[in-house]
Structures are given as structure tokens and as C-alpha cells.
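Number of protein chains: 4
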Amino acid sequence: MPLSPDQLAEIDQHQQASAPTRRATVPALEAMLYRATPVLDHGFVRVIDYMGDDAAIVQAARVSYGKGTRKVSEDAGLIRYLMRHRHSTPFEMCEIKFHVKLPIFVARQWIRHRMANVNEYSARYSILDREFYIPEPEHLAAQSSSNRQGRGDVLEGEAASAVLDLLRDDAARCHDHYALMLGDDEQEVAGGNPGQRGYGLARELARMNLTLNTYTQWYWKSDLHNLLNFLSLRLDLHAQFEIRVYAEAMLDCVRAWVPTACAAFEDYRLGAFTLSSSMLGVVKRLLDGEPLEQKASGLSRREWDELMQALGRA
Amino acid sequence: MPLSPDQLAEIDQHQQASAPTRRATVPALEAMLYRATPVLDHGFVRVIDYMGDDAAIVQAARVSYGKGTRKVSEDAGLIRYLMRHRHSTPFEMCEIKFHVKLPIFVARQWIRHRMANVNEYSARYSILDREFYIPEPEHLAAQSSSNRQGRGDVLEGEAASAVLDLLRDDAARCHDHYALMLGDDEQEVAGGNPGQRGYGLARELARMNLTLNTYTQWYWKSDLHNLLNFLSLRLDLHAQFEIRVYAEAMLDCVRAWVPTACAAFEDYRLGAFTLSSSMLGVVKRLLDGEPLEQKASGLSRREWDELMQALGRA
Amino acid sequence: MPLSPDQLAEIDQHQQASAPTRRATVPALEAMLYRATPVLDHGFVRVIDYMGDDAAIVQAARVSYGKGTRKVSEDAGLIRYLMRHRHSTPFEMCEIKFHVKLPIFVARQWIRHRMANVNEYSARYSILDREFYIPEPEHLAAQSSSNRQGRGDVLEGEAASAVLDLLRDDAARCHDHYALMLGDDEQEVAGGNPGQRGYGLARELARMNLTLNTYTQWYWKSDLHNLLNFLSLRLDLHAQFEIRVYAEAMLDCVRAWVPTACAAFEDYRLGAFTLSSSMLGVVKRLLDGEPLEQKASGLSRREWDELMQALGRA
Amino acid sequence: MPLSPDQLAEIDQHQQASAPTRRATVPALEAMLYRATPVLDHGFVRVIDYMGDDAAIVQAARVSYGKGTRKVSEDAGLIRYLMRHRHSTPFEMCEIKFHVKLPIFVARQWIRHRMANVNEYSARYSILDREFYIPEPEHLAAQSSSNRQGRGDVLEGEAASAVLDLLRDDAARCHDHYALMLGDDEQEVAGGNPGQRGYGLARELARMNLTLNTYTQWYWKSDLHNLLNFLSLRLDLHAQFEIRVYAEAMLDCVRAWVPTACAAFEDYRLGAFTLSSSMLGVVKRLLDGEPLEQKASGLSRREWDELMQALGRA
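For the record, the sequence lines run as chains A, B, C and D.
Residues 1 to 314 (the UniProt record's numbering) are what the first sequence spells out, left to right.
Residues 1 to 314 (the UniProt record's numbering) are what the second sequence spells out, left to right.
Residues 1 to 314 (the UniProt record's numbering) are what the third sequence spells out, left to right.
Residues 1 to 314 (the UniProt record's numbering) are what the fourth sequence spells out, left to right.
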């Protein structure tokens, strides 16, 4: 588990406090609040705060004076309508804030989603812990031979253990030297050779010696619409495994928070498939009973395969 | 007061509900929640929801596991430091949602602030009420002779009453015709001539007949950093009076919500004055006791006047 | 035509100037540069500037040192791949700037697209011309009976001419009074009664008397990715006719500018149809030859109709 | 120099092409186009494309039909006015695109500026070169004792060479192992031990072994307003040296591109000092001849020092 006893105690204390509020409140998410869901070997995701609920989407769409909600079925129908027709602004009326601990190379992908608020732990100001991501053996994949940015088979045997040793040793050595460069020149360096003193290098410089699997952490806040965009891209099968697991942990939070909106998202976005104009033509011909092959379809081989797979005819 | 009895009842009902939460809670803002602060003749501002408090700024800046706060004085010192050095991201960790009723010409200025979430009442879908902004006599100002986008003296006597009559009559007639164009062709039009039937025009077309002082309303949500930018621009003396009064009502909400951040904002932003490089040179020479006039200062007449006014020597 | 002889002369002069550049250049768009395409009765769209071309998308995707392009077919394949897999950042590397003249109620819809840069003609500072949008008779539609934000049949006969008279008269009267309120109190008001003098009201106040079909204008700049989002939403059949015609004029510019990206957009976005997870299930069952009716499909009536229409089986 | 002969040839070829355009053109920036300005040991900045010039700012502010410019002095006055009064939208009408090569730890700071378009070289898809940032000895600074995120004195002698050795060795070893993990298992690894074969690890995994001083590169595009915000923050004395040098290289490009706007920026932003409300009170008292000390000033020690330094009385 990636948290120290002190940190767990801080979280516990935070979680036990309770106060009355007149705001929209979601008991299922309150129950998860502050608790860390472990992700990868040292990472986590935890919800720090939230604003709004399913009803707040309806309330904003209706620009209403009170709660704005009517019968549950009417509200769900409206939410589904909004999702289907890409009326995104009512979903922007809900907001959620996460505390995330993640490897730096994952953080570099994640930060490309610009429509969010971020406070990252500063390695100019503070010292990063000695924690690195080392993949589980079953995730140690070879380069895909067909997809230049994908994974192929799992590495096994000596190759696997050689790679894991390299990752572990290099990360550890780089962090040891980071600590040594940072160390005070009047004290022995913890973990250094006996009597070894540090060099007192500026933190903003020493950090450049760390490897990209070192863990960092941040507060990350987003509205629901942009969070769903993030999830839609990062839950995709083409997304790298190491970011997809964060997206999965966050999807669980969304499901507890706004169950109706989440169900609409899963139907209209996650499980959806977009037919291009050409694909639509192919589907029509297939429905008319035409025996159609890729060559005559007008689709490229890759598009044909994607379509057949979506239609369960691969 | 711009609210109907039904709306007031809806708000009351909304305000009486209370539930326990583990989230950061601000009693002073809870007390204001949902209640409408009147602005202009038919407008209002009311807080619908919020996320975070002063401590949440500190917590995010420290990327902490628990509340992250220390002594009150340390927290205030950190917030002031962040404000002074333009570290804006921790302020983005607080979020607030308003329901605002405002004239369309004010909405058109307001919407230029892009870093916010908005759901406006749709006149394609619904019918706008018969409510227009008519200035109080003391705000009926003549065009400024010195500032092409400013106001001069207040209009008085016949000119004032003629202008008010024009504004009132044109808005009313345009709305009556709007209702007439919209009206069902099988029913008498409410407020029309006896026996007059409507034309059944599409709402999305009929609305084009309304004047720009017609009231609209929206849900508007922003993080604290962008809200402070909005307030800083719209509380400025150059801002139009009709939007400044909304900014003033919102500043009161911010003061109740995040008193420490608000005080820092008032010191470092609202009451601040930026010396350009040239102005800085002038101040240095004045402090050295040099008897300096505009002509020798290198500043333009306008910049000299702005500087002297800021220094209380105008 | 919505341009004065002076304006046409200015545009001509601007268009005749030419200079050598080392930047990416698109002759087909150069030919359109600065010229106004008329839209509605007094509006227009004209391209003022652009950055990049189809090759710039490829160049950015490859982060290349030179032009980055290879064979035409490879480049087109890459652009199609990027469009299909929602890799949006390379499309953000092209930028275009328009000058648009449009009715205020259209501008209010348009401005909701936040990811763009806008400079609007300021009615606080300047005086708006006496130009209003009056629909052509064939666009004067009744409210739809099935769709609360849509249009039904065209109004005809007396109803149509009554509505057009109301729109025309109210807009004209409101503008006349606007001019009267603004007018100098020492001069006769042009178009007023003989001897009538103006009231000298501040511009920022007088403008509130204008109707929402008054024309405004702005410079609007966007990257290609966000422009395609705008077009995809505003070319939709649910978009209001009066903004769709602007989107159509802009699509013509995009086609001249980046023909390959535009073709991919038309295939994968404009002509596409997204199957929800439930719809996908229905299509599979239909392909398996199952005789399926709406009731047994699990789809709502509305979704079933949308699907059947997309599949050409409505 | 950080470019290979092939890359230099590609750039040369790109730079020699020229075509006529009707767009705004800036000869001084054309002369710099595509050429790489070296930054740090292996990095560079080069301008790839631009849109607009000083006149385009004026043209947008006036929403004009032609060039919109008048006398040079009037245009400069307007640009200075816009800059002084924070009218940012006209500056958003100019756009520039850079190709930048930079260490990953610098890229991580840079990317926090969200209002820009970015395409980064993908290490999921491609292989990063064996190039790392190693500071020049004169930039190898100790941690500041007074400022937790700043630099103090330069390291010297053995400490300096020990640190440089660590940085160099760790980066090199990590990259060698990266190459080894990536290497094909049927070929000898270039630079490996004789006969050593690679492990064929997926690129998206192998990259996690690289250190944060490894160079990456990206296309980065921004409008002028947001670029000036970036420069204002990154040219600040509190910015880390390794990003400041990029900002300086970019400021040179801005000066060639929009000299009038750049001069206004340097006067009103770069060389400016913002007096808080309390500081303004202090300056007034000093101008009144009051002999004032920090303790009686109401300012904190740190704010007093900042003020005295700005006034040249430190």
C-alpha cells in the first residue's frame, strides 16, 4: 500500500469530520471520500471534494430556481438526451477533485488534457520519495509488431527478469545519486557510503537525475464533461495500460457520484462505435443482404477490420 | 423584488434541506446559499453551490494528505505569498456556481470571460419573461466628452424623461409583438387586442424582436482564480456600471466564502497599482526629491495623470 | 450586398498587395482572401489570415525538421488516421481568422464556442449601423409541434406579412430611437422630425434599445480542430438555420484551405453516425436476419427512429 | 550544435522556398524563419510559422475592413493603450508556432501553460535520441539557503566535478539500458557488449528508464497574448534558469515579429512593478517626506525588501 501510517492517520482524521451542508450531497461518494484506491505498485486515486450530482445536471439544463428535478424517469430521459446530442454544458456544472499519485511518464500523458486544474508536488521546492513504478511481470510486454505504439506478447524468462533488474537498478541508483547530490555537505548521506557527505546541489537541478518511472503526485480537478472526455480517451483499448488503470479507478468514482450520467456515458460513449459515412454505406449494403468483401467495400483494410470487429463479424 | 412567490417558495424549500457532508464547509456561505441578492431593477445573483474554502487553497499548494493547514497565520502568509507571486493554480482548486438574472447587453459583456461554465435559459426552447432593465434616473448618464466609451453627467429634466419613455415603450412594444408572433393561432393573445390571435412563429425566430435590455438568466460556474480575474476587470472604474453592480454582489459572496484569499485579492489586486518601467523611473526621481513635471517625465499626459492620481497628487 | 463602396475599395486595396513569404501558402485560399461571401441579408464571412496547410498537420504529427511530408497518399492516410482516432492536436497546428458580420442573436449562439479568439465591434465605443436581419419569406417558419426548439411549416399569407411587418417596424423604430437618444443635443437628428435634437445619452446605455436582429461584426480566430468542432455542431440539422448558413460559408473556406483534412472531416464526422452500445446490439441482430421491431429493440421510440433514419430504413 | 547535417539540409531546403502571399508579412521574422537558435547544450528554438503583425492588432481592435492602420504614432499609441489597460483580445489575433528541443524536466514546467497547442515527439511511437542536458559548470548551483525553490552559490572543485560525473554517467547508463531493452532480440545491440542482444520491450514501457534531463521536442503554438503571459512568468528572476533561456530566445523572435507590441510589453509588463494597496500607502508616505522604516510600514519584511529593491533603495 502506497501510504505511510502518518498519511493514513491524516486521511482518517479528515474522513471522520462531518458538518451539515445545504448543498447537493451524494452519500455513495461521501463514503469513498478521502480514501485512497491503490493503482499500480505505489500509486493511488482518491476523491478530495465534489460539487453537484445527477440532479444538478438537470437543474442547470432547466436553469431552475429550486432543485429543478421532476420524476426520476423524466430526469434520466433528459440526461440521456443531453448526452446523445452532445449538449455538454449541463455536465460542466458538476465538478470533482482528485488527489493522484502516479509515475512521471503517466503524468506526462495525463497533463495533455488541458481543461483541468492541477497542482503538482514541486520538485523545485520539495524532495521526491524513493518510489518507482516497476511493472508486474504480466504487464511487461514486447513491442507490438503490427502497431507502432502498442504492445505485443508478454516478455518471459530471462529477458523478463533482465528487464526488471535494469528498471529496478537504474531507478534506485539514480535516486540514490539524487539524494547524494541534494545531501547537506556537513552530514553523512543516509544510505550513502560510510562517511559520505552530500553536495548540496539545488533541488531544481538534482531532480533531473530521476528516471521517468519515479512517482509524483498532484491535485487534479475537472468538471464532469471534461472528465468524461478524459475517461473516454484513456479507457480506450489504444490507451497505455498504465494510464488506463487510473481511468478505471476514476470511472468507479463517477459511477458512485452521478449514476445516471455515468450509465448514459457508458451507453453513448464508452460502448459506442462511430460509423463513418463510408462505413454507414457498407452497413446499409450488408443489411440489404449484399454479400460484401473488403475489396469491394471502398474501405481500407484497417477500417474494414475495425468495422467487422465492432459488428462482431471479425 | 425580481422573484415570483412560486420561485421564492422553491428557493425556501431548497434552502431548508440539510445533509451531513465530509467535505470542506463554510458556514458563512451556507447561510447565503440559494438566497437571491437583488441587482438592478429585476436582476439577482445567488450562490447555488461551492467547493473548497481557504484551507483548500493551502491544501492544494502543499499537495497534502490531510487538511494540510497549519497555524492560521502560516496559512494566511502562504495565501498572500501565492497571490503576490501570481501562483494561480491553488486558487483554481476552489469552485463556485451562481444563478444570475441579468439584461442581455450585460450578458454579452460577461460571456467574454471564457474560462467559466455557463447554461443560459434558451429562448429557442422557452419564452422570455416581460422584464426589461430601465435605468434609475441617477444612472441615466450622457456620453462622456473625454472618454469614448465612458459616461459623463447625468441627464436631467425633459431629456431624462424622454429617454426613459423611449426605453420603456420600445421594450414593452417589442415584447408585446414577440408574444403576438409566438401566440397560438387558435387562442386570443393575452394582452392583445380583443379577438387577436397569434401567428405561431418559431421561438428561435420570434426572439429576434426583443430589445437588448430584456432579462435573461444563467447558471455560471467558475474557479476562484478565474472569478477573481473577472472581478478585477469588472470592478474596475472603467467597467460599465450595469455589470459592476453584479461584480460587487459577487465580491460579497467571495468575502464570506474565502475571507483570507479575498483580503489578499483586495490588497494585491483590487487596490493595487502597476507602475510601468517608465513610471517606476519617475517615482524614483520624485523620491530623490527632483521637482518633476509631466513634460520632462517621459510619460504621456494620460499616463502622468494616472500616476499622479494613484499617488494622491492629482 | 452588405458592403459600402468605401469598404469594397479598402478590401480591394488590401487584396492587391502581395509579398514573398517562406511560410506554407495555399493558392486556393489566397484567391479567396479578404473577399466577403454574403450570408443572410446583410451579413458576410471573409477570411483575413491563415496559418498552415494540410502538410502542416503532417509536419506537426511527425514533429519534423523540414516539411515532414512524404508521398501524397501517405500524408492523406496519416490525416485520415488522425481524424478517425481523434488525435486532435495536429489539427490545432493550423489557424484561420475570419471577419464576420452577423445578427446579434446569432452572435449569442456562436460565442458559446469558447475555444476561439474574438474581437467584437464595441457598441460602448462606436455606433451600430441601421441594419437588421429580416428573414426571407421561405425561412419564416412556425414553431415545430414535435420539437420544442425546432421549426415547422413555413408561415404564409397574412400571418407571414404581418410578422415581417412587425419585425421590420420594431427594429427600425428601435434603431431610430437609438439614434435619437445618442444624438447630439445641438444638432438636428438625421432622420428625426424637423428640428428634433438628440439627447446625448451614453453609447453604452443607448444600445440597450436595439433589437436582437441588429447586425454586429467581429474578428474570429480559431485553430482547425476547434473550427471543425464548431462546424460539426453548427452544420447539424438541429442547428438554427441562421447560424448554419454561416457554417456552410466557412466550410467552403476550409475545403479550399485544407482539402485532405476537410475530406476526412466530411467522412468521419459530418456524414458519420454514432451507434450507441444499445444501437450496436440492434444492428447486429438485424444483420443476423432477426425481424426486429422498436418495442423489442430496447431502444426508445426516438432512438429507434434516429437509427432507422440513419440506416435508410425509416 | 544540436542539429545533424541531414536536419540542417532539410531546414535549408525549407527556408529557400518562397511564394507570394496576400497575408500580413514581417520581413524581419521571415529572415529568422526555420533557423534554429541554440539553447542549452543540445536544445533549440525555431519559428515555424506566424500569423499577423503589429498592424493586425490594430486592425482587430478596430474591427476594420482594410488594414485598419493609420499613422504609425497613432497605431503605437493604441497598442500601448491596449497593453496598459489589459485589453487582451487584440493581441490574441497574432499567432506563432515554434519547434523546440528541450530537456524533459523543462518540458514539464512549460506544459503547465495550458493556453497553447502542442505536438510532442512520442516516445510510445519513436525512440528518443541519446542526448541529455548537463549544466555548464557556472550554472551548477547549490540550493539557496534563503529561498526553498531557488539557487545559491555555484558549486566548485571536487563537488562540482562529482555532480557532473553523476549526472553524465546516470543519464548515459539509463539511455544505454533503454536501447538494450528496446533492441531487437535478433540483432546485436549497438553500443552493447559484443554479442549482446536486445529484449524487444515495448517502447511505451522502455522510456520509463530515461532520466528527466533527456531531450524531447515539440511543436508549440500560441497566440501573442498567451505567449506574453508565458514570457512574463518565465523571464521572471524566480523562474528556473533552464527555462528562462528558452524564454529569452523567444523574446528575440517576438521583438522581430511585433516590435511595437513587444516594446509596450517590456515597458508595462517586464519592467513593471505592481504596488499592492499597502505598498502604495508606503510610497505616498515616502513621497510626503516621512522617514519610514519597515516596522512602522505595515509591510512584512519580505514585502518591504521587494519594494525597496524595486525603488532602488535596497
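Bear in mind the hints are in silico, worked out from the structure with no lab data behind them.
Treat each hint with caution, since some may be false.
Repeated chains share a single entry, so a pair holds when one copy, or any two copies, can fit it.
[Said to hold, decoys possible] Simulated pairs of lysine-lysine, BS3-like, Cα-Cα distance not exceeding 27 Å:
(1) Lys284 - Lys295
(2) Lys71 - Lys284
(3) Lys284 - Lys67
(4) Lys295 - Lys71
*Going back to the hint list, which numbers does this structure go against?*
Violated hints (numbers, rising): 2, 3; every other hint is consistent with the structure.
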